[in-house]
Amino acid sequence: MEHLSLEALARLVDEPAEPAEAAHLEVCAECRAELDALREQTSELAHLPDLEPPPDIWPAIEACLREEGLLRAPRRASGSVWLRLAAALALFLAGGVVGFAVRGAAQDEPFDAESITTRIATAADAEEVARLLEETRAAYFAALNRYAEFSEPVGTGDLITRAVALEGILFTTRAALAQAPADPVINGYHLSALAQHESTLRQIAFDPAEPWY
Amino acid sequence: MTEAELIERARRGEDSAIRALYRRHAPRVYATIRRLAGDDSLAEDWAQEAWVRAIRALPTFRGDSKFSTWLHRIAVNSALHGRRARLRRTKCEAPLPVTLPVGPTGERTLLRLQLERALERLPERMRQVLVLHDVEGYTHDEIGEVLGVNPGTSKSQLFKARARMRELLRAASEPAVQEGVWST
Chain A
1 MEHLSLEALA RLVDEPAEPA EAAHLEVCAE CRAELDALRE QTSELAHLPD
51 LEPPPDIWPA IEACLREEGL LRAPRRASGS VWLRLAAALA LFLAGGVVGF
101 AVRGAAQDEP FDAESITTRI ATAADAEEVA RLLEETRAAY FAALNRYAEF
151 SEPVGTGDLI TRAVALEGIL FTTRAALAQA PADPVINGYH LSALAQHEST
201 LRQIAFDPAE PWY
Chain B
1 MTEAELIERA RRGEDSAIRA LYRRHAPRVY ATIRRLAGDD SLAEDWAQEA
51 WVRAIRALPT FRGDSKFSTW LHRIAVNSAL HGRRARLRRT KCEAPLPVTL
101 PVGPTGERTL LRLQLERALE RLPERMRQVL VLHDVEGYTH DEIGEVLGVN
151 PGTSKSQLFK ARARMRELLR AASEPAVQEG VWST
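Chain order of the listed sequences is A and B.
So that you can map any letter, position 90 of the first sequence is 90 in this note's numbering, and since no number is skipped, the others follow by simple counting.
So that you can map any letter, position 129 of the second sequence is 129 in this note's numbering, and since no number is skipped, the others follow by simple counting.
Any given hint might turn out to be false.
To be verified - Under the rule of at most 20 Å between Cα atoms (straight-line distance), these lysine to any residue pairs were calculated in the SDA-like manner: (1) B:K155 - A:L12; (2) B:K160 - B:E124; (3) B:K160 - A:E7.
To be verified - Quick partial rundown of chain B residues pointing at chain A, CB under 7 Å, derived from the structure: (4) D15; (5) R19; (6) R23; (7) P27; (8) R28; (9) Y30; (10) A31; (11) E44; (12) A47; (13) Q48; (14) W51; (15) I55; (16) L110; (17) L115; (18) F159; (19) R162.
What the hints contain is simulated information worked out from the structure, not anything from laboratory work.
Positions of the beta carbon are idealized from the N, C-alpha and C atoms, including for glycine.
Input sequences plus hints: build the corresponding full structure.
This is the structure in structure tokens:
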């Protein structure tokens, strides 16, 4: 029995089947399964979430807008901004370390550092940055608790979850670096998160049962 | 503050209003551009370009459509225009490395990562049509308008793209069988 082509099945996601196609689908479970998979794929694509932009986009946009005179009142960062950032990042790091040590303390809130990132990148003053970093620290703490719940045995699903969580952390540290590129605490923390992220990606890539893609 | 008030203040160049508009709409704009681009570096350039164009064009926004719709169209046009410009400049460059798309954690994360990965691997025109139709909800007439093709071509590309996506996703879920890694 000749099956329907994938392209023909892809058309049937939106359009009614021709009589011959309908007759084939009646008797062919394999083609019906492919059509169901194509429908699911199409449905999932329609529900893909928005993506948080990398934090260094906003400073570039801001610079262009100022150059064209489209933004008023240039921002002037005071020296205390970086000190406050460093203090907030120290809290952020401490939260992470403690978070790894806590197991079984379930929290339902998803790790959502990305949503904070744009707010950090566009923050108007140091107080707002410090407050947002404190929020991020709390989100990170919750995420690490969640990770600790199922970190053993380590499987690819865990590794992907870890990679995604670390990616969120990197978004946050990049946002902080855009605000304070020379801050040693932020740089140290960013490099640490980067190393962990790369290590996790390598583990995923070398997992023979579940390749990266 | 309502969006209309924000837009009015942003038109006057008020820093806080422009920041607020960016915060509100940046994830949506970036998602569209990232998926059309297929990689991070291009997406960053095009997102930047889209926002600058949008703020520059704010005085022409009359409120006939929703601001998000107007902005989204600018984002799509920036991505399509950006692609053409890049091809002229960097014809011989090697492909950029693929990076991990970021999304929310949760039970659907793996499937969404696979979908994002598969999108990156589609040929450019297939990806554009699939993203515009299946992700962004454009009609074939609208796709024909923005891509400069007829609606029939858009349909044909869409079905090819869906089929290719299906193959990529199937390969992702059955790697050992497909590649014979574990066969003896």
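Okay, the hints, checked on the actual structure:
1. Between the alpha carbons of K155 of chain B and L12 of chain A the distance comes to roughly 12 Å, so the proposed pair stays at or under 20 Å and holds.
2. For the suggested pair K160 of chain B and E124 of chain B, the alpha carbons sit about 12 Å apart, so the restraint of at most 20 Å is met.
3. Among the hinted pairs, K160 of chain B with E7 of chain A is consistent with the structure: their alpha-carbon atoms are about 6 Å apart, no more than 20 Å.
4. Evaluation of the D15 of chain B hint against chain A yields a held restraint, the C-beta minimum of about 5 Å falling below 7 Å.
5. Interface restraint check for R19 of chain B: the shortest CB-CB distance to chain A comes to about 4 Å, inside 7 Å, so the restraint holds.
6. The interface hint given for R23 of chain B is met, as the beta carbon of that residue sits about 5 Å from the closest beta carbon of chain A, less than 7 Å.
7. Interface restraint check: P27 of chain B against chain A, minimum CB-CB distance 4 Å, threshold 7 Å, status holds.
8. Look at R28 of chain B: its Cβ gets to within about 5 Å of chain A, closer than 7 Å, so that hint holds up.
9. The beta carbon of Y30 of chain B comes within 4 Å of a beta carbon in chain A, closer than 7 Å, and the hint placing it at the interface holds.
10. The criterion of a C-beta within 7 Å of any C-beta in chain A is met by A31 of chain B, whose closest approach is roughly 4 Å, and the hint holds.
11. The beta carbon of E44 of chain B is positioned within 7 Å of a beta carbon in chain A (closest approach about 6 Å), and the interface hint is therefore held.
12. Below 7 Å, beta-carbon pairs count as interface contacts, and A47 of chain B has one with chain A at about 5 Å; its hint therefore holds.
13. The criterion of a C-beta within 7 Å of any C-beta in chain A is met by Q48 of chain B, whose closest approach is roughly 5 Å, and the hint holds.
14. Against a cut-off of 7 Å between C-beta atoms, the interface hint on W51 of chain B holds, since the closest Cβ of chain A lies about 5 Å away.
15. At a threshold of 7 Å, the smallest CB-CB gap from I55 of chain B to chain A is about 5 Å, leaving the interface hint in force.
16. For L110 of chain B, the interface hint holds, since its Cβ comes within 7 Å of a Cβ in chain A; the closest pair sits about 6 Å apart.
17. At its closest, the beta carbon of L115 of chain B sits 6 Å from a beta carbon of chain A; the interface hint therefore holds under the 7 Å criterion.
18. Hint on F159 of chain B holds. Least Cβ distance to chain A is approximately 4 Å, under the 7 Å limit.
19. The interface hint given for R162 of chain B is met, as the beta carbon of that residue sits about 4 Å from the closest beta carbon of chain A, less than 7 Å.
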